[in-house]
Amino acid sequence: MFRSLFRWSKDEIAMEIRSLYLDGEELNYTSVERNHLALLRAACRYFGSWKDAIEYAGLDYDRIRKYKAWTNEKILARIQELHRKEVDLSWRNVSTNVDPALAAAAVRPQRFGSWRAALEAAGLNYDEIRRYREWDESQVVNELLGLHEAGEPLNSRDVQETTPPLFHAARRRFEHWDNALEAAGLDVDQIRKRPRPREVETG
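Start counting the sequence shown at 28; every next residue gets the next number (our numbering).
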């Protein structure tokens, strides 16, 4: 976006920086000098340096310096990284709190087109992530009791493999998996000792 220098203000510069960030643009000095020279000049005039303008916009300058344009591979790697850290990957949480730039890049038509498509390409179950994202303590407990009555294994390792969003919801609400089991009135020691399905011999 081109603007005459005298029309810029600090807040307008910050808004433009955030807009470019959400669009997945590279914001290191060299890239901005090449692609958005008017913005760079205005930022340096009003803030004294590009670094100060970036920080005024609420962004991490060190991260911006190391940032590279989002590719499909980088989007998937970031989603999987957040999943390993047990982050709530619902659209609302990622797009507003965790990593807005990731969310914006993932849904661009030239990338995955939707958040669901990005999650599924990363090997995650979109419906499960949506289902468990806002569960409260009672919903987690009821689900645990239902799985227990159905004879499903409830040790943390199995649940992380079979129903990761439930595991993450329980951790968010109870801090520890064992706390969730105890809240459901289940015997933690007995659940830990139960053989995993593939360990049970038949015949």
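It should be emphasised that the hints constitute simulated quantities derived from the structure, not laboratory data.
Think of the CB as a built atom: it goes at the ideal place given N, C-alpha and C, for glycine as much as any other residue.
Incorrect hints may have been included.
Unchecked claim - Subject to a maximum C-alpha distance of 27 Å in a straight line, what follows is the list of computed DSS-like cross-link-like pairs (lysine-lysine):
hint	residue 1	residue 2
1	78	37
2	101	78
3	101	112
Stated by the list, open to error - Now the in silico label distances, taken between C-beta atoms and shown as ranges:
hint	residue 1	residue 2	range
4	49	209	41 to 51 Å
5	147	217	16 to 26 Å
6	75	144	18 to 28 Å
7	124	169	42 to 52 Å
Comparing the hints with the structure gives:
Between the alpha carbons of residue 78 and residue 37 the distance comes to roughly 13 Å, so the proposed pair stays at or under 27 Å and holds. With a CA separation close to 25 Å, the supplied pair residue 101 and residue 78 stays within the 27 Å bound. Distance check on the hinted pair: residue 101 and residue 112 sit about 17 Å apart at the alpha-carbon level, within 27 Å; holds. Take residue 49 and residue 209: their Cβ atoms lie about 42 Å apart, and the range 41 to 51 Å holds.
Remark: the range hint 16 to 26 Å for residue 147 to residue 217 is contradicted by a beta-carbon distance near 36 Å. Restraint check, residue 75 to residue 144: a C-beta distance of roughly 42 Å breaks the suggested window 18 to 28 Å. The supplied range of 42 to 52 Å is broken by residue 124 and residue 169, whose beta-carbon atoms lie about 27 Å from each other.
Checked against the numbered hints given earlier, this structure breaks hints 5, 6 and 7; the rest are met.
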